[in-house]
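> Place chain S with the ligands on chain A using the hints.
Quick note, the sequences are listed as chains A and S, same order.
Just so you know, we're using my numbering here: the first sequence kicks off at 1 and counts up by one.
Just so you know, we're using my numbering here: the second sequence kicks off at 1 and counts up by one.
Rather than coming from a laboratory, the hints here were simulated on the basis of the structure.
This structure is a prediction, so every number in the text was calculated from the model and none was measured.
One thing to keep in mind: the hints can contain errors.
[Said to hold, decoys possible] With a Cα cut of at most 20 Å, we get these calculated DMTMM-like pairs of lysine to aspartate or glutamate:
#1 S/K431 <-> A/E49
#2 A/K20 <-> S/E177
#3 S/K151 <-> S/E164
#4 S/K739 <-> A/E45
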Amino acid sequence: MSISEQTLAESRELAGRYPKARSGIVPMLHLMQAEVGMVNSDVIEACAEILDISTAEVVAVATFYTMYRMRTEGGEHHIGVCVNTGCGLLGGDALYEALAVKLGVGHNETTPDGKFTLERIECQAACTHAPVLTVDWEFFDHSTIAEAMDVIDRLTAGEEVLPTRGPAVRGWRAAERTVAGLDDGLADEGGGVDELMLAGLKVAKAAESGVDGTVKK
Amino acid sequence: MSTTSHEATGSDTPTVKMITGTIDGTDVTVPEGTMIIRAAELMGVEVPRFCDHPLLDPVAACRACLVEVEGMPKPQPSCAVPLGDGMTVQTQLTSEVADTAQKGVMEFLLINHPLDCPVCDKGGECPLQNQAMSVGRPESRFTGQKREFPKPINVSSEILLDRERCVSCARCTRFAEQIAGDPFIALLERGAQQQVGTGEEPFDSYFSGNTIQICPVGALTSEEYRFRSRPFDLVSVPTTCEHCASGCSMRTDYRHENVMRRQSGDDPEVNEEWNCDKGRFAFPYLQLERLATPLVRENGQLRRASWPEALRIAADGLAAARGRTSVLTGGRLTMEDAYAYARFARVGLGTDDIDLRARAASDEETDFLSGEVAGSCGPVYRELESAPAVLLAALEPEEESPIIYLRLRKAARAGTKVFSLGPFASQGLEKMAGSLVECVPGDLATQLDQLDDETAAALSQPGAVILLGERAATEPGAFAAMSRLVQRTGAEWAWVPRRAGERGAIDAGCLPGLLPGGRPLTDETARQEIASLWGIDPDELPATAGRSLAATVAQIHADAKAASEAGEEEEFSPELAALLVAGVEPDDIPNADQFLTALDSVPFLVSLETRPSEVTARADVVLPVAVVTEKSGAFVTWEGRRRPFGTVMPQPTSFTDAVVLALLSDYMDLATPPREVDDLRTELGNLGAWQGSRVSPADVPAGSAQQPGSGEAVLASWRYLLDLGTMQEGEPHLAGTRKPAVVRISAATAAANGVEAGSRVRVSTDTGAITLPVELTEMAENVVWLPLNSPDSQVLVSLGALPGDTVRLERGDV
Ligand code: SF4
Ligand code: SF4
Ligand code: FES
Ligand code: FES
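Pulled out of the complex, with its shape left as it was, chain S reads as follows:
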C-alpha cells in the first residue's frame, strides 16, 4: 500500500539526549526524562509501586515508590521524578531512609484495606498482596475501625467496585481519561472518604475492562468473572482476539474446559496493553449450544449422522456439482482455514466462485482488494502514531476497529491531526479532537476528489495516512477516488475491514479471480505457480473469474426461475448446483431474505459451522467445526500483520475447517491437501509475495449522494462495537453497556419532518420500519443515521436498505 516512501520522517526524529545518574551505587545511562523507577527497572532494581503505570501519565498518588535522592530533603516518589544527570539515588536496597519510607507507606495503605484476600478475585495475582509481603509488616499495628462501604457497587452493568479495597492509585481514572477518553469515573469525596465513583452516567466505556486489569488491587471486578476462579487454578494461553481486525494480543484463561476470562496481552506494536470490552468479555458464545455431530437431511429433516456417512453424502453431492458450486467462507476464518477453502474451491470443486464477504460488497471492491490489498503490507500502528495527519473515510475506528481508535487518540494527544469523512462528528472523532469533513453517504468518492486544500495539504505531509473502511464498498467510485487522492497527496493508505478473518482470507485467495498470495487468476505465471504448488495442471484451474456472494445469490434465483419455467418434463440443469458455506450469518448480508431463499432453493447445501444457525437449518449436510479456542491459526490485522495463536483447549473430537475439507477431498478421491495449520501456513508462506502485474481497478466514476424528496432522507448507518453480533451472545452484563439505539437527524431535517426534540422518529422503506427516539445532531441535512445492528434497530433486516439509499422519515408514535 506504499506509493511513496516516508523514510523522510526518520530524518527529523529529534536526537535523544542521554544522561547518566547513579542508582544504588551503579551508574545508569538513560534518555533524558526517564523516571527513576524506569531507570531502576533497567538495572533490575524493582521499586514497589501502585499508581505508576508506564502508559499513564505519572501522578505520584500512592507514595509506595519512595527513594532517597541525594540533596533532596525528603524521600522522593521515583515514579514521578526523572533521573537527572549526575543524580545519586538510593532505593530500598541501599538506603535505610527509602526502606523505612516505603514500609511506612505500606502500613498506611493497609490501614484501610480489608482482609478480603480469601474472597477477592485479585488474590494470587495482586500487587498489593505481593508488595505487602515484600515491604509490609508481618502483623498490623492498627487496632481501629477500617473504612467500610456497602459491598460492591456497579459502576456499569459489567464493572463492579469494592470501594474499601481501593488504594486510590487513580490508575483506573487516569486510564479512563487519558487512554479511553471516557472520564465517566473519577475520584470523588476526596479526603477521608475518597472513593472512585461515577457521576450521573454509568462507566459505559468500550474499554472499561482494562481498568480491572490495571487495578493494583481487587477493587474493580467484572460481573462475568467475579468469584469464578482463582488465578492459580487457571491455565493461561496467549491468543489473538477473533472479534475484529485490530488484532489484539490476548491471554485466555481457562479452567475445566471452560474459558473463565480473557485479558489484554502486552504487545507494544499492536494493542500496547489494552483491548476493548468486546474482546475481553465476549467469549461466552464459545460455550453456548454447539453442533455436536454431523447432521444430514433425510425426508426433509436433519438428523444426526456419523462422520463417515455425512462426509460420504457431502462428497458425493459436491462431486456431482463440480464446476457448479459456489463457496462462501464468511469473514471469521483463520488465514489457514481460509487458504484451505481457497484451494479446495479451485482444486476440489473446480470453481472460482468464492467470496469471503458476508456483508455489503461490490465488484469494484473485488478489484480493489485483489489488485491493491491482497498480500500487501501497509502503514502500521506505530506509523499512525507518528503520522502528522490521518484521514478516516467510511470508518469509525472506535466502533469498527477500537485499537486504531486508541492509537489515533494517543497520536492526537501528541499532535496528530485527525480528519473524518462522515455525516457527523461522532463521539469517537471528538475524543480524537478530530475535524469532520461532512460527507453524505453515497458522496464519498466525490468528497475524496474534492477534498479541500487545507485537508489535502495536511495529508501531503510526509507520513500522513488515509484509512479507508470496509463501508467504502457501498460508495460508488470510492476506491478509484482514493487512489486519486493518494496520487494528489502522496499519503500512505490502508484498507480497514471489520472482521478478524477478512484480511487473511484475502491474502489466502478467497475472492473470485484471486488466487492465494495476491495472484490474479488470469495471469499465466500466477496460474503456473499456484498449479505447481497444488500439484495440478494450470489448465485444471478455473479459467475465468467466478461469482461473488451477490452473483451467487442472483444465479441461484435465476436458476430457480428457469427451473420453474422449464416445466416438469424437461431435464433442467442449474448453473449453480451446490453451495459450500462456512461461518456466514445471514442477517449480516444485505437482502438477507433473498440469501435465505437462495439457500432454500439451491439443490445441495453443505454447511461447516460451530453452532446451529439459519444456514445449518437449511443445509443438506452439516459438518461441525472447531471454535477459535480449539484450534490454532492466524488472523491478519488491517495492517497486513499476521497474528498467529496457539490452541487454548485441545479438543480431539473437533476439527478445523481445513481438516474437514481435507477429509472431503479424501472422500472425493482427490489428493489429500495439507490439513495441519503449520503445513498450510508454510505452503502459503512459501508462495511469497506476488511480483507480477495485478488487476488494475477499474476507473469507476465518482458517485454522488442521492437527492431525497420531501419526507425522505439519505440513510447513514454503521455498527456499534457492542450490538446484536452473534459472537456477543451469552454475556448480558456486556450487553448492558451498549449504547442505546437512537435516530440522528439535524434540527432542520427534524423541523422539516415535524419531529421535535424528545419525540420518536419512524424510518421506513417498502420492506419495513424502525422507530427510535431522536437525537438531534449537528449533521448534514436530509440525512438520517441509525445503528446498523442494535436492539430495535436492525437496518439490513428491517429496512432492507443500505447506507446511501433513500428512506422515508416521519414522526413516530410516542
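Okay, chain A solo, but in the shape it has when bound:
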C-alpha cells in the first residue's frame, strides 16, 4: 500500500473526530488524495479498511463529489473556473475558454508537464465576486482573462501568487490537506470578509429592525 504511515495515522485521527467513524470518509479522501494525487485503489482500500466499510461504499462517496480525482492524478495546481449562472454570465465562460486555450487542456484535464489541472467548477458561494477563478481553492474575485493569464505565467515561473483573499497559493496537494480539516495555521492570512459579502446581511438586518421601512416583520 502506497499510503504513508503518517497519512494513515492522520486518517485515523480524522475518523476519530466523529461519533460514527464512517462520517470521516469525506475529509479522509481529501487527505489521502493530498498524498497520492488522486483517489486510486490504494486510497479506496485504505479508507475501507480504516472505516470498516466496503470499497463499494467508498467509491460511492468518492464518485459523488467532484473534488475527488478518481484514478487520474491531479496537477501541481488546480485551476477552477466557476461556470454557474452568475459567474458564467459575468465572464466565467469566456475565462474558462481562454484558460483552456492557454493551457491546451479541457475540463478535468492536466497539462502534459503535470503543472495544471483545469476544471469547470460549480458555484463557489462567491457570486458577489463573480466571475471567480480559483487556484488551489484560493479565490481570485472579479477575475479577468488578463489576470488569469498572468496568474498562470507567474505560477509557471514559480513566483509567489497571492489571491484576492486568503494565503498565497501553495499547490493543490497542500490545499487538499486544509480541505481535509487539518489546521494549516493560515486561517488569518490575507484577509477574508469584505463589504460585498456583508451587503446582503446588512439589508436583512436593516429590514429586521424596521430601519428600511420597506420590509415589515
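Okay, now just chain S with the ligands, sitting in the frame of chain A:
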C-alpha cells in the same frame, strides 16, 4: 427441545396501535406506521412501485408510487409515508394529480431505458414492462440520445449488470447492505451517470442471486440463466431446497426436461423471500452424467444389466447376508426414502446397523440424537427473531445454514444479542454484530460448562436460544454440557445439521438403536408399536442396537483381518457380509481411505445412487435412483419442520429409493412395504410422537482441548458454503464466487512458527499436508483454521485429521 415454556415473552408484546385513514374514499384501519402503499394493498388497490419492497427499508428512490395526500402540497411517495390517523389519500384511481404524477415519473424512467425487452431475461415477468403498460404512454415523446453503457459488466463471476437497464431503485444495494450484510455493490457516480457498481472487490456474497430476483427490471442477470429461456416457456414448480437444513422454499423452473433456473420461494415462516446462492445456482449437477441402467459386477467388471437381473442378484446377495448387513443412507434422502430404509433394514435385512451420518459422528451423538432430537420440535425461525440472545456452538450459520444467518442478522439489527463459541470471530459473526466467546476445538464442553456469567445471564432471559451445530459430534462431552447449560439458563435449544436430509432421517429412524418416530429399539412398547405397524412380530425386530458407520467400517476391517488369519482352508464367516449404501460421498467421511478399503473388502456391496461415484465403482450391484427433481417427498428443517415438495419433472423410468427397496423386498419374497411417498408419509405420520421414555444421553465428562507442542497447533475447520461439494459441480460461475482458501493463525502463533504476513503456511500430519497463504487473524493461540473442503484445502482427505486434532505447522514454500 423445550425444557421450559417461553410463553412469557408473549405477555410483553407491545399492543399495536391501530389507526384509520381513508384511501380512495374508503376507510382503512391498519397498525400505526403502515405505509400508504401497504394499506392500499390491503384494500386491493395497487399503486405502481419499483423501489418499494416489503422486506427492505423504504427509500422512495423511484417516485413511481406518488399519491395525493390531503393537506400536502405535492404528491407523496406512498411507499415511504405512513398512513396517518384521519389522513385522506387518493391514488391514481381517484386523483387526477396522482395519475398524472405517476405517468410523468414513468415517462422519465423510460427516457433512459433501452428497448431491450426482446432480448432481456426479465421480459415477460418485468415490473417495468408491466407498469409501462398500465401507467406509461403508448408512444415515447423522447427523441434524444439514451444513456449507453458497454453491455454487461460482471459484478461477480455469476452476476451480470446491464447498467442502462437500471432504474436506480436501489433494491439490490439495499438488499446487499440491509439483508445480506455484504455491501459490495453501491450506487456510484450519483447524478446523470448514476449506476450500480462494485468497489475493489467483486459482489461475492452468498446471497447475491436474490438481487436478480428483486431487481424490478432486467439489469441484473446470472451467467447461468442469461439468454437461456423466456418466462412464458418455463414450467414452474414449488420445491424445497435439497442443499441444507435451512429448508428454503423454492421455485424450480424447467423447460424441455432441463432445469433452467431456481428462485427463492416466499415463505415468511422460513426463508421469507430469500435464499442462498448454493440453493439458487447449484442445480446443474442434476443434469450431469447419470446412471442410466442398473449395473452388476461380472468377472470383476461392472456391466449394464436389466432391472430384473440386477434386483435378483441384489436380493439374493442381501438375503444371504440377513442379519449381517449394514445400511448407510447418507444425509441427503427425503424423509420418506429414509423411512423406507429404516424399515427395510429392520424388516428386510434383519439388521439394526443403520446410520445416516456420512460425516464425523460419535456414539455420544447417537444417544443425543435418539434421545433428544428425534421427533422433536424446537424453536423456529420466528423465535430466533424474537430471542433476546442466541448462543451459537460449533455452528457458523452463514456457512452451514444460511437462512439461520439471515434471520439472526435481521434479529441482531433489531437488538438480539448473538454469541458464538468458536476460535475466531468470523465474518458472519461480525455481520450479526455478535460477540465471540473464544473456544478452541476440543474445548467446547468445558467452555459450555464455564460460560461466563454475563453470557449465561443473557441466555437466562425468556426466549433465549442455544443452537448447537453438527460439528459438536467431534467435541467430547458437548451434548451433556449443553444439557447442563440449558438447565442453568432455561434457554431453548436446537440442534442444527448441515444436510437437508439429516433431520428427516433421524425422525425416520436411520440410526442404530432408534426406530421411527423417536422410538427406542430397546423399549418394549416402542417395539410393539413398530412391529404392529410393519406387520411383524416384535421378536423379529433386531434385539440390540446395531452399528454406526464407524463401527461398520471397523467391523469390516476386523473381518478382513480375521479372514486373512483364518487361512485358506477354514470356512470363514464374516460378521458383516453385506453393505447397502445410498448417497454417500466417501470424501465426506473421516478416514475416507479406510472407508474405501472397507467397501473393497466387504463381501457384497449394493449401491443405490444417482450418479457414478467411488461407491458405485466398488459395488457388486448398482441400482440407479431418482434425483430430487424426479420425485416428491419432504425434507425436515433444523427446526423439525416438514417441508414437503412435489415432483418437478416426472420421469417414468426413474425410481425413488423407496420404490427400489420395495422391489428388492418383492425379490426377497417379503411382504411389499409401502413405496409411494404419500403412503410412506401417512404411515410415518400415523405413528405419532413417542411419549415413552427415551435413551438418556450418557453423562460424558467434558473434554478439553489438546495441548500442542512446539511447531504444532490444534486444528479448527469447517466448510465454506461454496466449496467442493459434489452437488455444486457443473456451475463454474458459482464456483467463481467461492471464498479463497486461507490458513488462519494468530500473529503470535505465526511469529512462534516463523510465519510472516503474506507468506504461506504448511499444515501437515502423517497423512499429508496442505499449504495455503496465511491470513493473520485475531484468534486463539496455537490454533490453526483452514476450510474443510475447498480447492487446495481438503482437510479430511489430505490431513486425515478432524477439528480438535493436533497438526504440525510451519512456514510453507513461497
Ligand atoms: S440494478 Fe435493478 S435492483 Fe439494482 S438499482 Fe438497478 S434497477 Fe434497482
Ligand atoms: S440456505 Fe440452504 S435451503 Fe436455503 S437455498 Fe441455501 S442451501 Fe438451500
Ligand atoms: S456562480 Fe460562481 S460562485 Fe456562485
Ligand atoms: S416505490 Fe415509492 S418511491 Fe419507489
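> Which of the listed hints are not met by the structure?
none
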